[in-house]
Amino acid sequence: MIRWGPRQKVGKRQPLGTVLLALAFCAACGAQSPSTIRLTDVTGQTGIAFKHHDGSSGKYYIVETVCAGLALFDYDCDGDVDIYFLNGGTLKGANPKTQPRNALYRNDGNWKFTDVTKQSGLGDPGHALGTAVGDYDGDGDPDVYVTNFGPNVLFRNNGDGTFTDVTTAAGVADGHKVGAGANFLDMDNDGDTDIFVANDQMQNFLWQNDGTGRFEEIGLLAGVGYDMNGDAMGSMGVGCSDFNHDGLIDFYVTAYQQQFPSLYKNLGDGMFEDATFLTGAGAGTVHTVTWGNDFADLDNDGDRDMFIALGHLADNVEKWDQRSSYFATNLVFMNTGKEKFVNVSDSAGDGMKVKLSSRGVGLDDLDNDGDIDIVVQNSRREPTLLRNDSPKQGHWLQIRLKGVKANRNGVGARVTVVAGDLTAIDEVHSGRGYQSHYGARLYFGLGNHQRVDRLEVRWPAGGVDVFKNVAADQLVTLIEGQSQAALP
Amino acid sequence: MTKHRKPMKRVKKRGKPHALSPPPATASKRRQWWAIGIVLVVLVVGVVVIWQAGDKAGPTASSSQSAASTTQRNVTAILDLRIQGTPQSVPEIQEEELALAEALTRDFPQRDAPLALLARVHQYRGDITQAEALWKQAVALNPNRSDLYESIGQAAQRKDLPDEAIAWWQKGLEANPRAPGLRWQIAKTLIGQGQLDTALELLEIERTITPTAARNYYLLGQVYQKQRAYEKAQAAYEKTIEIQPDYYNAYYGLGVVYTRLKQPEQARTAMGHFRRLKASADSSEDQRIMIDEIPHARSRAAKLYAKAYSLYDPKQEEQVCQRLLKRALELDPNDAHIWEKLAGHHFLKGHHQKALELFRKVTALDPSNPLPHINIGKLYALMNQPGRAKSTLQQTVARFPESDLAHTELARFYLRAQTDLPEARTLMQKATALNPTADNYFLLTWACDVNSDLDGALDAIQKAIALAPRNGKYRSTYERIRSKR
Chain A
35 MIRWGPRQKV GKRQPLGTVL LALAFCAACG AQSPSTIRLT DVTGQTGIAF KHHDGSSGKY
95 YIVETVCAGL ALFDYDCDGD VDIYFLNGGT LKGANPKTQP RNALYRNDGN WKFTDVTKQS
155 GLGDPGHALG TAVGDYDGDG DPDVYVTNFG PNVLFRNNGD GTFTDVTTAA GVADGHKVGA
215 GANFLDMDND GDTDIFVAND QMQNFLWQND GTGRFEEIGL LAGVGYDMNG DAMGSMGVGC
275 SDFNHDGLID FYVTAYQQQF PSLYKNLGDG MFEDATFLTG AGAGTVHTVT WGNDFADLDN
335 DGDRDMFIAL GHLADNVEKW DQRSSYFATN LVFMNTGKEK FVNVSDSAGD GMKVKLSSRG
395 VGLDDLDNDG DIDIVVQNSR REPTLLRNDS PKQGHWLQIR LKGVKANRNG VGARVTVVAG
455 DLTAIDEVHS GRGYQSHYGA RLYFGLGNHQ RVDRLEVRWP AGGVDVFKNV AADQLVTLIE
515 GQSQAALP
Chain B
52 MTKHRKPMKR VKKRGKPHAL SPPPATASKR RQWWAIGIVL VVLVVGVVVI WQAGDKAGPT
112 ASSSQSAAST TQRNVTAILD LRIQGTPQSV PEIQEEELAL AEALTRDFPQ RDAPLALLAR
172 VHQYRGDITQ AEALWKQAVA LNPNRSDLYE SIGQAAQRKD LPDEAIAWWQ KGLEANPRAP
232 GLRWQIAKTL IGQGQLDTAL ELLEIERTIT PTAARNYYLL GQVYQKQRAY EKAQAAYEKT
292 IEIQPDYYNA YYGLGVVYTR LKQPEQARTA MGHFRRLKAS ADSSEDQRIM IDEIPHARSR
352 AAKLYAKAYS LYDPKQEEQV CQRLLKRALE LDPNDAHIWE KLAGHHFLKG HHQKALELFR
412 KVTALDPSNP LPHINIGKLY ALMNQPGRAK STLQQTVARF PESDLAHTEL ARFYLRAQTD
472 LPEARTLMQK ATALNPTADN YFLLTWACDV NSDLDGALDA IQKAIALAPR NGKYRSTYER
532 IRSKR
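As given, the protein sequences belong to chains A and B, one line each in that order.
Following this note's numbering, the numbering of the first sequence begins with 35 at its first residue and continues without gaps.
Following this note's numbering, the numbering of the second sequence begins with 52 at its first residue and continues without gaps.
No wet-lab data here; the hints were simulated from the structure.
On a predicted model such as this, the values are computed, not experimentally measured, just so you know.
Warning: the hint list may mix true and false statements.
Listed next, the stretches of chain A that the computed footprint assigns to chain B, with coverage defined by at least 3 CB atoms under 8 angstroms from CB atoms of chain B [claimed, not checked]:
| no. | region |
| --- | --- |
| 1 | 252-258 |
| 2 | 317-325 |
Distance condition first, Cα-Cα at most 25 angstroms in a straight line; then the derived PhoX-like pairs of lysine-lysine [stated by the list, open to error]:
| no. | chain 1 | residue 1 | chain 2 | residue 2 |
| --- | --- | --- | --- | --- |
| 3 | B | K524 | B | K514 |
| 4 | B | K290 | B | K277 |
| 5 | A | K353 | A | K387 |
| 6 | B | K210 | A | K389 |
| 7 | A | K85 | A | K387 |
| 8 | A | K146 | A | K85 |
| 9 | B | K210 | B | K222 |
| 10 | A | K126 | A | K93 |
| 11 | A | K374 | B | K524 |
| 12 | B | K358 | B | K405 |
| 13 | A | K502 | A | K93 |
| 14 | B | K277 | A | K372 |
| 15 | B | K187 | A | K353 |
| 16 | A | K353 | B | K405 |
| 17 | B | K222 | A | K374 |
| 18 | A | K387 | B | K210 |
| 19 | A | K436 | A | K502 |
For each residue, glycine too, the CB sits at the ideal point set by N, CA and C.
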C-alpha cells in the first residue's frame, strides 16, 4: 500500500561518501549531457523584407488565423535552397494599401536572399494556406502547387527562373475549399505509399495503400485517429520520421491549446501507440496552439530532434483566457537517443527567444554547411530565419535523389543508411509539417561515424539501389538504377 | 433664625459663624448621583468604542448574528439589483454570478466556502490564476477540504506542472485519506509519466473507496494496455462498459486492445460502438453550446444562489434565504434540487403544508430521487398523520430498494411508533448492507434491542464504534447492552 504521507525531512547529515555515491549513481543513470543545439536568429542580415498578411479586417474569419505555410526548394537548380513564402489575400472587409502576394526569395549564398517574386511569376494574390512542390511534368525542375482559400494554383517551372500558371490547363483548381495538411509516406514498410491526414477536431485519417492504388482508412484501428484517451485533437501539422531508429516511420501531430500534440510511435503491423507523455514530447506545448513541426538531427548526433512552431490563432486570447497568449516562443526538443525528448529551448540560442505567432516551418541546409537550418513563417509578421550554429561535432550525409523510372524528385523513395551501429531511414515527401514543403534533400546525422557502410534506396517504382562505403560530410546525388556507380 | 426639624450638630469655628454641615443622608445621595453619572458615562463611552471598533475590524466568524445584520446588506444589495426580469445574455449572467460570489466573501470573510464559490466563478470565466489563488486562500482557512486540493491540483495540471499537481493531491489525501477521486487523479498523471506500477497501486486503493466508479476501471485498462497486458486491459475496459455503457473512451481502448490481440472483427465492433457513442456525445455538446448557452449559464447561476442559501442561517435570516432561493428559481425554474432546498427551508420553519406541496413538486421534477419521498413521509408523521406517513415510507422503500436512507427512515418510524418492530430490524439490516455507516449500525442496534436480539445489538454497536470510535453515545449504548446481556 502506498503511503501518501508527509515528505520525510532529512534530519541528519549525510556522509560525504554517500552523497558522492548518489551523485555518481545519478550520472550513471543517464543524466544526459547538456544540449549543444544552437540556433541563431539571422533574419535581419538576409535582406528578406517579406511580411505576412493574414487578410484580416477585424471580422475574425477563421481562415485568417490558420495561414500560412512555406516552401524550401531549389527553384533554379543552382544547388542552394530558396524560400517561397505564402501570403494571405484580401478577405471580405479588408482594404490593404497594396495587394498582398506570395513571395519567392532566391538564395544568393552566405545568408543573403533576393526577392525574385516579380520576375518569377509566383506572386499569386490568393489567400494562400499550403503548398507542395514536385516535378509534375518530369522536366527536371520543381513545379509548385499552392492551396488557397479559393481556387488552388499550379505553377509550372519554365526552367529559366520563371513560372507559368497552368492551373486551368491542368484542371487542378478545385476551388472554394480549404486545403488541409496531409503526408504521403510508407508507414507499413510494404513498398507503397500511404497517406496520413491530420484533421482538425475530428478523427485523423490513415489511408493504407493496398498496393493496387486503392486505400483503406485504418486510422482508428491503427491508433492514430485520436489521442490515447480517444479524444479528437485540433490537429494542425504532422511531422513524419523514425525518431527511435526501429525502422518504422512515426508521426508527430500538433494540436490546439490545452491539448498536447501526439507522438504516435509506430509499433509495426499497422499499429501505433500514443507515446507523447512517455517520451516527453508534449512538454511546454499546452498553453498555446502548435503548428509546423518536424524531426531533424540538429546536432548531428544521429538522433532526430524536433522543432515546433507555436502561437495562438486568436490575437485577443488574453482577454478571455489568461492561461494563453497570442505570441509564443517556439520549441526545440533534443532527442536523447533513449526514446526521450528534452526541451532545450532555453539553451538553444537567441533564435529561440523570438516570440511571435508562428505557423509553417521549413527545415533544410540553407547555407550548405552540413547542418539543418530553420525558416519560420509568422502570422502577420516577418519570418524568422534560424541559422544552425551548433558545434560541428558530428558527421553527416545529405542525399538528393533523381528518379528515372520513378518521378524526377524521388518522392516516395525510402533511403536506409547503415553506419556502424547506427541504422536510420528517411523518405522523400512532398508536403511536410504544416502546409509546407521542404526536405527534397534527405539529411542524416551520423554522430561519430565517418563513413556510411551501406546506403540503400528503395524507389517508388520498385527498384532498389545499394551503395557501399560512402564518405560522410557531403551531398551525394543518387540516380535511379546506378547503384554500381562509384560514390566519393 | 432657621427652624430646625432635627437637632443640628454645631461645629465651632473661630471668628465666623459656623456653617451647618449637610446631613449624612444628603451626602450619600450626592454620591449616588455621582455614581450613576459615572456609570452612564462609562456606558456611553463603551458603546461608542465598541461601535467604532466594529466598523474598523468588521464582523468575525463568531459573531454571526451581528455579522448577519451587517452582511445582509451586501447580498441584499445584489438581490435588490435583480428585482425583476431575468438576464438575457451570458455576460450579464456572469456579471451577476461574480457580484453574488464577491458579496458572499464580504459577508463571510473568514469562511472557506464563499472563497471556493468565488474561485469556481472565476474558473468559469477562464481566470484560472485568480481561481487558483482563491482556492489556496480557502484551503488555508480549512485544510480539511480535500476537494479544494483537487481543484488546485487540476489548475497546476492545466499549467503543465504535473509534479506540482500531484503534490497538491497528496496534500488532499493527507487531509482526508479516503477522499474520493484524488488517487484517480494522481494515477492518471502517473500513467502519463510512465509510472505504471504506482498508478496501479493507487487505482486498487481508489476502487475500495469508489467501487462503482467506471473511470477507475477505465484507467486500469489504460495501465494494462501500456504494460502490454492486453487480456487484463480488455477485462478492465469491459468492466468499465458494464458499469457505464456510454463510456466511449473504454470502447476506444477496447478497440485498440483487440487490434493488438489480432482480433480485427472485435476491434471493428468496438470501434463502431466508440464512433457511435462519441458522435452522440459530441452532438449533444455541440447542441448545448449552440442552442443552450444562455439556459446553461442561468442554470449555473441558479446553483450558485442555491449554494449561497446554504451559507446563511434560515432561522436568523429568513428573508435573505427566501430571496436567494426565489432568485435561483427565477433563473432556473426546472432545477429540482433548488425546489428541494426551498421545501427543506419551509420544513425547517415548520411550514409543513407548504413543504409538503414543494416536495411533491420535486418528486415530479426528479422521479429518481428518493429524498423528497422520504421527506414527505417525515412530514406526514410530524403532521400527525401516521397512516399516510407509513404508507409513503413503505412506497419509498419499494420504489427505491437500493436507498439505505429509505430503509432507515421507515425503520425509524416503526421504532418510534413502537410498531412492526421485527420489520424495523429487517429494514436496518438491509440499510447497513447497502451502506455500512456508523449511524446505520447505531439504528440497527436500537432495532435489535427492541426485538430482544441482544447478540445482534451488540454486534451492531461494536461495528458502529469501530467506524466512529470517539462517539460517546455509542460507547454508553454498548455498555448498556452489554450489561443487559
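Each hint, compared with the structure:
1. With 4 residues having a Cβ less than 8 angstroms from any Cβ of chain B, the region 252-258 of chain A passes the three-residue criterion, so the hint holds.
2. With 5 residues having a Cβ less than 8 angstroms from any Cβ of chain B, the region 317-325 of chain A passes the three-residue criterion, so the hint holds.
3. Distance check on the hinted pair: K524 (chain B) and K514 (chain B) sit about 14 angstroms apart at the alpha-carbon level, within 25 angstroms; holds.
4. Taken as a hint, the K290 (chain B) and K277 (chain B) pair is honoured in the structure, with Cα atoms around 18 angstroms apart against an allowance of 25 angstroms.
5. Restraint check: the Cα-Cα separation between K353 (chain A) and K387 (chain A) comes to about 24 angstroms, which is no more than 25 angstroms; the hinted pair holds.
6. Restraint check: the Cα-Cα separation between K210 (chain B) and K389 (chain A) comes to about 19 angstroms, which is no more than 25 angstroms; the hinted pair holds.
7. A distance of roughly 19 angstroms separates the Cα atoms of K85 (chain A) and K387 (chain A); the hinted pair therefore holds under the 25 angstroms criterion.
8. Only pairs whose Cα atoms come within 25 angstroms are accepted, and K146 (chain A) paired with K85 (chain A) is accepted, the gap being roughly 17 angstroms.
9. With a C-alpha separation of about 19 angstroms, the suggested pair K210 (chain B) and K222 (chain B) falls inside the 25 angstroms cut-off, and the hint holds.
10. With a CA separation close to 9 angstroms, the supplied pair K126 (chain A) and K93 (chain A) stays within the 25 angstroms bound.
11. With a C-alpha separation of about 60 angstroms, the suggested pairing of K374 (chain A) with K524 (chain B) is violated against the 25 angstroms cut-off.
12. Of the pairs offered as hints, the one joining K358 (chain B) and K405 (chain B) holds, with about 22 angstroms between alpha carbons and a cut-off of 25 angstroms not exceeded.
13. For the hint pairing K502 (chain A) with K93 (chain A), the CA-to-CA distance comes to about 59 angstroms; that exceeds 25 angstroms, so the pair is violated.
14. A distance of roughly 18 angstroms separates the Cα atoms of K277 (chain B) and K372 (chain A); the hinted pair therefore holds under the 25 angstroms criterion.
15. For the proposed pair K187 (chain B) and K353 (chain A), the alpha carbon gap of about 24 angstroms is at most 25 angstroms, so the pair holds.
16. Straight-line distance between C-alpha atoms of K353 (chain A) and K405 (chain B) comes to about 47 angstroms, which puts the hinted pair past the 25 angstroms bound.
17. Annotation: proposed proximity of K222 (chain B) to K374 (chain A) is violated, straight-line Cα distance about 30 angstroms (limit 25 angstroms).
18. Only pairs whose Cα atoms come within 25 angstroms are accepted, and K387 (chain A) paired with K210 (chain B) is accepted, the gap being roughly 20 angstroms.
19. Between K436 (chain A) and K502 (chain A), the direct Cα distance comes to roughly 18 angstroms. Compliance with the 25 angstroms bound is thereby established for this hinted pair.
Hint check: violations occur at hints 11, 13, 16, 17; the rest are consistent with the structure.
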